[in-house]
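K.L.:
Sequence:
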Amino acid sequence: SNKHAVIGGWLPSLTFTLGHITRMDSINARSSVARTLGGGILAIGIVIAIIGLIMLVRACVFVVGATKTTGQVVAMDRNDLSDNGPTFHPVFVFTDTGGIVHTQRSSSGSSSYTFEPGEKVTVLYDAAVPKHSKIDSFQTIWLFPLALTGFGLAVIAFSRYWTYSATHMIRLEKDSHEA
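The sequence shown begins at 1 in the numbering used here and counts up one residue at a time.
These are computed hints drawn from the structure, not numbers from a lab.
Beta carbons are placed, not taken as given, at the ideal position from N, Cα and C, and that holds for glycine.
Hints should not be assumed to be uniformly reliable.
The list that follows gives simulated cross-link-like pairs (lysine-lysine, DSS-like), each with its CA atoms no further than 30 Å apart [as the list claims (entries may be wrong)]:
1. K120 with K68
2. K131 with K120
3. K131 with K68
Pairwise CB distance ranges (calculated) [said to hold, decoys possible]:
4. H168 with G118: 21 to 29 Å
5. F138 with H102: 21 to 29 Å
6. A75 with H132: 14 to 22 Å
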């Protein structure tokens, strides 16, 4: 059903098909929006994945260069700042190679006790700056960088899938209108 319009009513030779042009413009605009939105989501995913990878490299550098010693968890520091309930951060002590005892609160926390006060733990620390120390565990060293990298990669995969699906559906709609 072609609807013809005459521009201004005084120039009958200048007619065009309103439905077809309007529909095609809409399809092209939606396709452009889909690609732009997909590209934006892709960029966000790339940034998140890069930050996660940088954190992983830093964790590797820390572990390779760290001095290893035995320490002990002396307390679980409770933090009530989260709306999801309290988090507990282990507080541990260790003695560096110079014989100086250090007390450190882990930056890594959990909603439950991952360590018990009195528990012996392996501690990794920077000999030049012993306050840069971590309990040698998957959670305290590797969990966040790996989770962040994985999340960034998932966002990248989603953006590619979403962009492909959206533009494919729009292309099919465009092809059906051109036929």
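K.L.:
Starting from the hint list further up, note which numbers the structure goes against and sort them upward.
P.N.:
4
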